[in-house]
Amino acid sequence: MLNEERIILMTQLAAYEVNEGKRNVKIDHYFRSDYIAVQVLKSIVSSSIAFALVFALYVFYDFENFMQDLYKMDLIAFARDVLIRYGVSVVAYGVVTYIVCTYRYSRVKRSLKCYYHNLKKLNSLYRE
Amino acid sequence: MTGLLEFREKIKQLYSKAEFLLMPFMKFLLAFVTLLTLNRKLGYMTKLDNMAIVLIVALMCSFLPNSCIILFAALFSLLHVYALSMEAALVGLCMYLLMFLLFFRFTPKDSLVVVMTPLLCVMKIPFVIPIAVGLICGPASIVSVACGICVYYLLDTVIGSAPTINAMGEEETTAKLRLVIDAILDNKSMIVMIAAFGITVLVVYLIRRMSVDHSWTIAMVAGVITNIVILLIGDLLYDTNISVVSVLIGSLLALAVGKVIEFFRFCVDYSRTEKVQFEDDEYYYYVKAVPKMTVSVPTKTVKKINSQTRSSQQTRNASGRSVVTERTGVRASNASRVPGNHGNYRGGRSVTISGHGAGNGQGVDADDFEELL
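Keeping their order, the protein sequence lines are chains A and B.
The first sequence begins at 1 in my numbering and counts up by one.
The second sequence begins at 1001 in my numbering and counts up by one.
If we strip away everything but chain A, and leave its shape as in the complex, we get:
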């Protein structure tokens, strides 16, 4: 005998597993701290590459003057200036990533809690 409630629940769960659930389950495999740490680490790499790109464009933007001034300028002060800018941009991007990932992780947890609750409900429907 077909149980309509069970079929509806199963369809909803299957649809969740195929779409949103797939990504959420992957995130759920991590502990909260591990997930955030991995994402922040990725952000550091991404922002480092992005900073390198911007710096390269800055150098090429005024390449002739830059090469002329290279021997006159205080290289240590210049390097310190560049490193400070690099540090600020990486830290800022890392903080944004931390906030986004914390929010995302808690949302995924809530969503999966609802999913597991529905799974239990489905299980109980089978036992009836």
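Some hints could be false.
The calculated BS3-like cross-link candidates involving lysine-lysine, where the alpha carbons are at most 25 Å apart (straight line), are [stated by the list, open to error]:
1) Lys109(A) / Lys1109(B)
2) Lys1109(B) / Lys26(A)
3) Lys113(A) / Lys1109(B)
4) Lys22(A) / Lys1109(B)
Hints listed in this document are in silico derivations from the structure and should not be mistaken for laboratory results.
Here the structure of chain A is known, so what remains is to put chain B in place on it, guided by the hints.
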């Protein structure tokens, strides 16, 4: 209204039946239009400006993930720009990489927004984007909208600078680079557009989530007004030369598109809003329930009255006729049911009387008349 709801249900049914065909077709169409627009607007690489290549790539996009449309569009635009100037292509590549590294990580699902934004900007109807995104997506999509606007202005800048770049010599590498970077960084229109669209998306999103009647309509109107005001302020401050007429027409179009989106996503009947209040051990609940406007799918019930279903004496008349009645009923969920009134029954009843003998149509028995009436 019932007719529109019926139409919506038909579209939904059609979509659910033919989703496996419609989705690839829509992706194909989007990729095709995007690549064709790129070829028409840029078109510096003549080898790429070939219908066969566009068709092949669009076909590939139809079964690949949505983000591949961005990838191919970026590739096409970079190749075109490279044919014009390697330096401009380098700037473009850096911009795309920055977007990919810093922004797309957080909004991987919004690839359609990134593609649609520059496309609608080219079609001179960009004001649809913030309203539609505010209604459908969340505030995180502001990033995607901003990226789309950056891409549009990057390509627009390259197209605008093309005569100057062509006039420059091969050896003026840094001058070309400087020209493109300056043109992008000094583009006040881009900054005004990003600010206007970003704030509009936020306003539309926040208002549509409010628990007030007609929140979606209020959100659209508020979004359009916000957009116009910010664009005009931007025009006053930075002299961006925005055409007021085109902004107004575009905003009206955005409202129309917003209403269509509302019809498909949030069609509710505020006249039947219910407010209930209850409590449990921990909370008091103040619940406002607004019913959706739905309509049952038109169904056809075919009732056959013929000699097989009845005794031969009762059903088959002298001429051996069979009576077939078809009822096509559509009832709106919010219809008032008045006894004796057929209300929202649409389509009514069609009757076919077919003769099997040499009858003249006078032989329908009493039961058949009941069915007919």
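Which numbered hints fail:
none
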